[in-house]
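Work the whole structure out from these sequences, hints included.
Going letter by letter, the sequence shown gives residues 5 to 356 in our numbering.
Source of the hints: derived by calculation from the structure; they are not laboratory data.
Please read all numbers here as calculations on a predicted model, not as lab measurements.
Yeah, the Cβ is synthetic: ideal placement off N, Cα and C, and Gly gets one too.
All the given hints hold, so there is nothing to weed out.
Just the calculated beta-carbon pair ranges, DEER-fashion: (1) R312 - A106: 35 to 41 angstroms; (2) E39 - E228: 46 to 52 angstroms; (3) E228 - V163: 26 to 32 angstroms.
No farther apart than 27 angstroms at their CA atoms in a straight line, the calculated lysine-lysine pairs in the DSS-like style are these: (4) K177 - K212; (5) K257 - K212; (6) K257 - K344; (7) K177 - K344.
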Amino acid sequence: MSASRRPAQFDLFTGAVEEPPVSSRRRTQPVGPAEPSDSLRMLGEQLPRGVYLGTSSWTFPGWNGLVYDHEASTTQLAREGLAAYAHHPVLRTVGIDRTFYAPVPATTFAEYAQQVPDGFRFLVKAHEACTLARFPVHERYGAHRGQVNDRFLQAAYAVDHVVAPFLEGLGDKAGPLVFQFPPQDPAALGGAGRFVERLHAFFSALPKGPLYAVEVRNEELLTEAFAQALADTGVSPVLAVWAHMPPVARQAKLTRAFEARAVVVRWMLPPNLGYEEAYARYAPFNRLVDEDVGTRDVLARVCMAAVRRERPVFVTINNKAEGSAPLSAVRLAERVVSHKEEGGQRSAAHAT
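Below, the structure written as structure tokens:
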């Protein structure tokens with residue numbers, strides 16, 4: 005596939021990535037993977053099967069030497085970086101966020117899928133039209149600002165514009181399809197009880213087979229009825245590492261996360277920083293600035309709990325979590341392997 009044909013991964017709310025002239029693209033050195041060390045290769049080999057670690061996107065020039073073999077522009081990485089990203093020994097999944105802001109066709113998903121190996125999986129965010137009860141008062145929503153959203157939890161819309169392209173385009177490389185419900189007034193959802201009823205009806209009406217996941221950003225929605233609705237419809241809860249949500253262990257207990265088809269985690273922000281503050285502090289995302297050893301250890305234990313239960317586990321990490329998502333993934337992989345070895349040693353000790 006030519007570089008000019010590859011779809012872009014957007015980090016902004018709207019708009020296509022601006023393409024440079026074809027003549028300048030021809031002069032650009034192709035993006036390749038960074039050469040991994042022997043220890044990094046070994047780490048990838050030791051990471052248990054079914055543990056999918058990755059980042060929220062792949063378009064960061066600061067990852068030169070960590071993921072890519074040279075510094076390339078965001079635009080070039082959007083076109084070419086995914087294939088190089090997928091060569092990293094530890095990175096087995098990646099998030100596609102652009103789909104939250106607008107649906108993409110099956111052909112775009114198919115082009116992504118062609119660039120990665122068979123064992124790779126994509127975590128895709130569903131279009132926000134499915135998960136906003138009322139459009140926020142933000143200029144990007146234009147005439148819809150502040151208005152009730154008629155497509156909120158409308159199964160027919162989700163099937164045609166979200167699920168069908170996802171399945172057709174990604175095929176076996178489809179991982180979790182995440183329906184993220186941004187923070188919103190529970191009253192706009194009809195209250196926690198009505199929200200659960202609508203959620204249950206929505207997922208009951210979607211095609212069976214895909215790995216659906218739900219992420220909420222309102223702690224008051226983590227009710228027993230919410231957990232039961234997800235269990236009834238075979239949907240995985242998302243464990244969100246985010247300042248305004250409970251600790252991961254509590255989220256897992258409240259949502260019965262380890263009973264689901266898969267364990268899904270999104271590690272986004274440290275507890276003491278907002279998005280803009282973290283961006284300013286951590287850019288260009290080429291080193292760990294604020295290591296969160298506690299969260300890392302909890303997530304490693306989550307991964308091993310999933311492995312013991314023979315559940316796949318997906319963890320996507322944002323650059324704003326510690327400063328560099330690829331390095332966070334490597335450190336997390338090291339903790340997972342450490343826990344795995346400790347477990348093996350305990351088993352051997354019991355056997356003797």
